[in-house]
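Mind the numbering: the sequence shown is residues 1 to 258 in this note's numbering, read in order.
Think of the hints as simulated: they come from the structure by calculation, not from any bench.
Be careful, since some hints might not be right.
DMTMM-like, lysine to aspartate or glutamate: derived pairs with alpha carbons at most 25 angstroms apart [as the list claims (entries may be wrong)]:
id	residue 1	residue 2
1	K56	E11
2	K121	D65
3	K173	E11
4	K56	E179
5	K56	E147
6	K177	E11
7	K121	E11
8	K238	E179
9	K238	E11
10	K56	E66
11	K121	E66
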Amino acid sequence: MGFTRGLWPREYGAYAELAFPLLTGFLIGGLSVAGIGFGVAVTSWFLINEPLNVLKGLRGRRTQDELAHAARRRAVVLALLGVAGAVSGMVLAPVPARLAALLPGALAGALAPAVLWGKPKTLGVELLMAAALALMLPPVALAGRGEPTRAAVAAAAWFACFCLATLAVHAIKARAKPELGTPWTVWVAPLLAVLVLAAALVSALVTAARAYAVLSVAPAALVVLAAAVLRVHPRRLKRVGWSLVAGNVMTLLVLLRG
Numbered sequence: 001m002g003f004t005r006g007l008w009p010r011e012y013g014a015y016a017e018l019a020f021p022l023l024t025g026f027l028i029g030g031l032s033v034a035g036i037g038f039g040v041a042v043t044s045w046f047l048i049n050e051p052l053n054v055l056k057g058l059r060g061r062r063t064q065d066e067l068a069h070a071a072r073r074r075a076v077v078l079a080l081l082g083v084a085g086a087v088s089g090m091v092l093a094p095v096p097a098r099l100a101a102l103l104p105g106a107l108a109g110a111l112a113p114a115v116l117w118g119k120p121k122t123l124g125v126e127l128l129m130a131a132a133l134a135l136m137l138p139p140v141a142l143a144g145r146g147e148p149t150r151a152a153v154a155a156a157a158w159f160a161c162f163c164l165a166t167l168a169v170h171a172i173k174a175r176a177k178p179e180l181g182t183p184w185t186v187w188v189a190p191l192l193a194v195l196v197l198a199a200a201l202v203s204a205l206v207t208a209a210r211a212y213a214v215l216s217v218a219p220a221a222l223v224v225l226a227a228a229v230l231r232v233h234p235r236r237l238k239r240v241g242w243s244l245v246a247g248n249v250m251t252l253l254v255l256l257r258g
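Generate coordinates for the entire structure from the input sequences, incorporating the hints supplied.
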């Protein structure tokens, strides 16, 4: 497909939302042909967003004029790869993995209008995308040797992390300029972070079953709470993003130990 500048997703935090659930799924269940097929499908679905944004003119008229042909070609290639990956995954995967793939597939279908014709940057759309990406973990894990409950718990943990991160980004923007973000996230993001940290503390004290799932979300909650307390400016979003990625690495380690 080449490395044409301007045709790769610009929302760098979204790469983490794609990579960490897939990596967790493969580490829990091992590599499998069906799992790789699912991975190709979701990666193609993820990468097709930017060419479509260019074709819709969301990156400016000049970019649209310069990259329209390359964007159209890449969109077609990614669509074909996505279909091939999804079909191979569904055909080769065991029944539990096929069933697990239905939910993220349904979410992807629900997101199609926003991806194809709308503006995929609203908070609701971003949260649905985060859910779809997190929910690709179970089919990848179950296509191999993954255990269903562990895969589901890990997917829920990643979704919680991504929700916190998404709300935090909107809160940072809204605090500086309300029209740039979603105003209610200014208090919802730190409140959820505090609740997650409290739940993590209680889980650690009582050592309840599956306590590691709550503990795994604590790094993201700490970053979100720190961003709220320090009143981080949007110019520091990249630093917040890297902090969240570091938290994601810790989350991955906790989930694998669980």
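Going through the hints against the structure:
1. For the hint linking K56 to E11, the alpha-carbon distance of about 17 angstroms falls within 25 angstroms, and the restraint holds.
2. For the proposed pair K121 and D65, the alpha carbon gap of about 22 angstroms is at most 25 angstroms, so the pair holds.
3. For the hint linking K173 to E11, the alpha-carbon distance of about 15 angstroms falls within 25 angstroms, and the restraint holds.
4. The hinted pair formed by K56 and E179 meets the criterion: a straight-line CA distance of about 23 angstroms does not exceed 25 angstroms.
5. As the CA atoms of K56 and E147 are separated by approximately 42 angstroms, the hinted pair breaks the 25 angstroms bound.
6. At roughly 20 angstroms between alpha-carbon atoms, K177 and E11 fall within 25 angstroms of each other, so this suggested pair holds.
7. Between the alpha carbons of K121 and E11 the distance comes to roughly 10 angstroms, so the proposed pair stays at or under 25 angstroms and holds.
8. Proposed proximity of K238 and E179 is supported: the alpha carbons are some 20 angstroms apart, at most 25 angstroms.
9. Between K238 and E11 the CA atoms are separated by roughly 10 angstroms; this keeps the pair inside 25 angstroms, and the hint holds.
10. Pair hint K56 plus E66 holds up; C-alpha atoms about 13 angstroms apart against a cutoff of 25 angstroms.
11. Only pairs whose Cα atoms come within 25 angstroms are accepted, and K121 paired with E66 is accepted, the gap being roughly 23 angstroms.
Violation of the numbered hints given earlier is confined to hint 5; every other hint is satisfied by the structure.
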